[in-house]
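Trainee: Here is what each chain is made of, one letter per residue.
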Amino acid sequence: MATAFTNSDALGCFLSDPRGLGGARSAVEFEAREPVVLSSIPPIIIERVSPLCGVGRATITAGPDNTLAFAAPGEAAGVYVAVAPNGRALLESETPGKSVRVYRDSVYAPSDLGGQMIFDLVHGVNNAISGGNITVAGVTDYGCVWLYNQSAEDITGIEVTPGSGFAVAFETPVGGVCEVTPNATTAPVVTFTGSVSLATLAPGESRLLRFRRTVGATTVNAAALAEIEVAYTYDSVAYTDVLDGYYRIGNPALAQYELYVGEDELPDFTAAPAASGALPLAAALSPGHRHFYALRQRNIYDLASLNVLCESKLIDGAGEEVLELLSDPSVLAIESSTGGEVSVALRYADMADDVAADTWRLYVTSDGTDPDPDNDTPDDRPMRQTGLARPQIENTLRLGPFDYGATVKVIARVYSSALETESGSEQVHELTVTTQVPVGAHRLGVSMGGLRGAPLSSVNDGVVYYDAPTNTVGIRSLTGEVVFFGSGEIFRAELGALSLFRTSLEFHTIPQGGAGAPTPIEVVSEDEIYINVAGLRRAKIDLVNRRIEAAGFEFAHAALDVPVIGPVHISSAATYIMVRNAVTGRWTPGIAVDEDGIMTVCLPVLQEVA
Amino acid sequence: MPLTPQAERLGLYSTRYTWSGNAPYRVWVEGELRLDQSDATELIVQYPGAAMPQAIEVLDSNDTDPAESEAYSPRLRLQWRGQADAAAYLVQRLAGSEWETRTPVGESGLGYYRYITVPEIDGTEVQWRIVAQDSQGYQGAVLRHTQTVVCNPLPPAFEDSYDAGTGLLTVEAAA
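Chains as they are written, first to last, in this note's numbering: chain A, 1 to 610; chain B, 611 to 785.
Be aware that one or more of the hints could be misleading.
What the hints assert, rightly or not - Straight-line alpha carbon distances no greater than 25 Å define the calculated DMTMM-like cross-link-like pairs of lysine to aspartate or glutamate that follow:
{"#": "1", "chain 1": "A", "residue 1": "313", "chain 2": "B", "residue 2": "618"}
{"#": "2", "chain 1": "A", "residue 1": "313", "chain 2": "B", "residue 2": "769"}
{"#": "3", "chain 1": "A", "residue 1": "313", "chain 2": "B", "residue 2": "782"}
{"#": "4", "chain 1": "A", "residue 1": "313", "chain 2": "B", "residue 2": "670"}
{"#": "5", "chain 1": "A", "residue 1": "409", "chain 2": "B", "residue 2": "652"}
{"#": "6", "chain 1": "A", "residue 1": "409", "chain 2": "B", "residue 2": "618"}
{"#": "7", "chain 1": "A", "residue 1": "313", "chain 2": "A", "residue 2": "374"}
Just so you know, the hints here were simulated from the structure itself, not pulled from any lab data.
Start from the sequences, fold in the hints, and give me the full structure.
Mentor: Following this line, the structure appears as structure tokens:
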């Protein structure tokens with residue numbers, strides 16, 4: 001038996017206001033179950049699923065000679081039924097009445113039937129039976145469906161029993177038409193009762209089944225099920241069908257915002273909110289704690305937002321908010337690198353802060369104790385932009401070298417020289433160093449035939465410090481890169497696909513020339529460093545004022561040909577800080593400071609913003 | 611009872627979620643199942659646009675109730691039947707008074723086609739339609755669907771302020 005409703009369009013019962021209001025019988029069948037097709041047999045269209053099938057996963061399996069068998073959710077398949085090209089068939093599962101009607105569309109797919117169709121049966125929502133959503137105040141409204149015998153035999157013993165809140169009535173159409181009502185709240189002229197019956201529905205005959213939904217004041221329910229049971233006999237077999245669909249019962253009083261607050265921990269979203277109602281909402285924050293908070297919204301169906309990401313405020317002991325102007329960086333990775341070094345990959349969302357930080361600030365220990373940002377001296381490194389239009393800055397910094405097996409602990413923050421403040425992370429990242437600082441000469445050579453060539457370098461990749469035993473000023477030399485550092489990075493000279501001399505310091509023409517140490521690099525403090533030539537200070541590194549001072553500067557943008565080894569080479573006429581070419585093995589000056597105090601920068605300069 | 615994951619903002623465009631409970635876990639983000647029966651206890655979610663909290667639901671093996679993200683999914687599932695003369699189907703959403711094509715779906719002989727929409731906003735009435743199109747670009751049958759969405763509300767946008775005099779945190783609707 002088919003059921004249909006009226007005044008619908010193509011998608012029928014799944015429209016927002018799908019209720020039939022009388023009039024002529026529609027061609028659109030009522031579908032209490034929607035098949036969600038996961039895999040298909042291309043020619044097969046599922047036209048209708050009997051509601052008795054319930055919900056869950058069902059299958060249609062192709063057998064020999066273009067036959068199909070249907071298995072309703074949770075039971076075995078029924079008998080195989082042949083389906084002719086462009087023909088229909090009713091496939092019954094193991095239980096009579098659990099069925100699907102299918103159509104074989106051989107125009108769309110002329111192939112034979114094969115494979116298996118898998119589909120989930122789900123309830124309809126806001127369909128012709130369940131109607132629209134209501135509130136807890138209750139409702140009385142009306143709808144209708146047509147019962148239509150599309151078979152060639154009588155359908156007998158029709159018993160219609162509605163579920164709770166429904167009353168029903170039959171109306172006999174006159175000339176194929178029933179009374180039209182203007183809307184779902186206007187009562188039709190029929191007498192509703194708790195059940196109705198009909199002895200016989202002849203082939204091709206229709207009967208309008210009207211129903212009244214009366215829901216009194218009730219509780220909120222985001223998925224209430226409306227049901228009308230239809231029992232009948234066809235071909236001496238008794239069937240029981242259920243016309244059903246979900247509707248929702250809302251309570252406008254539940255609609256509110258909810259503010260959740262956690263003191264020194266994330267809020268408990270399963271507990272009562274700190275404040276609720278309409279915005280604005282307020283909650284007291286006790287002094288001396290960090291407070292995490294999140295705002296959620298609850299709708300009339302008692303469904304709340306599912307966000308857990310919190311904002312936070314730090315309130316000091318006097319009840320004042322501690323302004324945290326900088327976001328913490330994220331430590332993407334921390335790992336033991338070559339030569340006893342530790343590489344730390346950092347990411348900072350610079351656009352998230354009103355005034356962005358410009359410096360990575362790391363607190364590092366290697367003796368197993370946790371870093372103490374209140375007392376330790378930070379290791380500051382300039383941030384380098386990682387590309388145009390990139391929404392965050394990602395840099396990888398190298399620390400160390402450290403002893404093999406040392407436990408290195410790092411707290412990563414960012415620092416803004418404009419705000420003169422740093423972010424507040426206390427998170428300690430830890431690892432054990434698993435590589436070793438090379439000891440002894442690095443005997444790299446080339447060989448030509450049977451002859452061993454001369455060594456290209458006898459200097460290790462590694463760090464040379466110039467203020468031992470403090471070891472805060474030095475030159476770190478890696479293949480293709482040399483880094484000169486004091487309390488912060490002074491410059492970084494890189495050779496490779498993109499040769500660059502990177503520095504965040506300014507070049508100031510201030511002649512030097514005072515008496516200095518005989519060493520090429522002279523350290524007064526980690527902020528005051530000199531490059532000497534022949535015992536005279538010829539260039540000054542001032543990390544307090546963040547500048548390089550020399551009598552003059554030349555920017556050669558081309559490698560000088562100084563065939564000596566680095567990373568620092570001193571001659572009577574100049575001091576060179578050099579970088580080793582990874583391909584040729586030759587050392588190339590990154591800078592040269594001559595006896596006249598002229599500093600020549602030999603690579604293209606990238607002046608980075610401090 | 612769903613787990614409450616911890617969230618850490620990794621930048622403007624990604625968030626790391628971590629949780630603990632009894633594996634395996636199922637995790638939904640914005641109504642989409644991201645982890646299914648997984649032992650993972652971490653998920654990094656990247657998303658375009660401005661940083662904003664997301665809807666995340668984590669169920670562990672102790673949970674027997676269906677996830678709200680699934681029972682009240684913010685995403686509509688559109689399904690339609692292939693047509694013999696169609697070359698493609700235009701999935702369109704009504705935006706104001708204009709139908710915007712979200713994606714074309716090619717006719718490939720599968721028989722049935724499905725499209726999962728973007729997350730819709732709770733309480734709104736949305737309209738989607740499927741327009742069949744032949745190889746010459748002529749459009750044919752239109753299947754149209756209107757739905758009032760009922761799902762977990764979006765995390766609300768808000769502005770906050772703190773008054774040291776009263777010790778009160780106040781949140782209000784974002785301007």
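Trainee: Indicate, hint by hint, whether the structure satisfies it.
Mentor: Results of checking the hints against the structure:
no.	hint	in the structure
1	313/A to 618/B	holds (15 Å)
2	313/A to 769/B	holds (13 Å)
3	313/A to 782/B	holds (16 Å)
4	313/A to 670/B	violated (31 Å)
5	409/A to 652/B	holds (23 Å)
6	409/A to 618/B	holds (21 Å)
7	313/A to 374/A	holds (20 Å)
The earlier numbered hint that this structure contradicts is number 4, and it is the only one.
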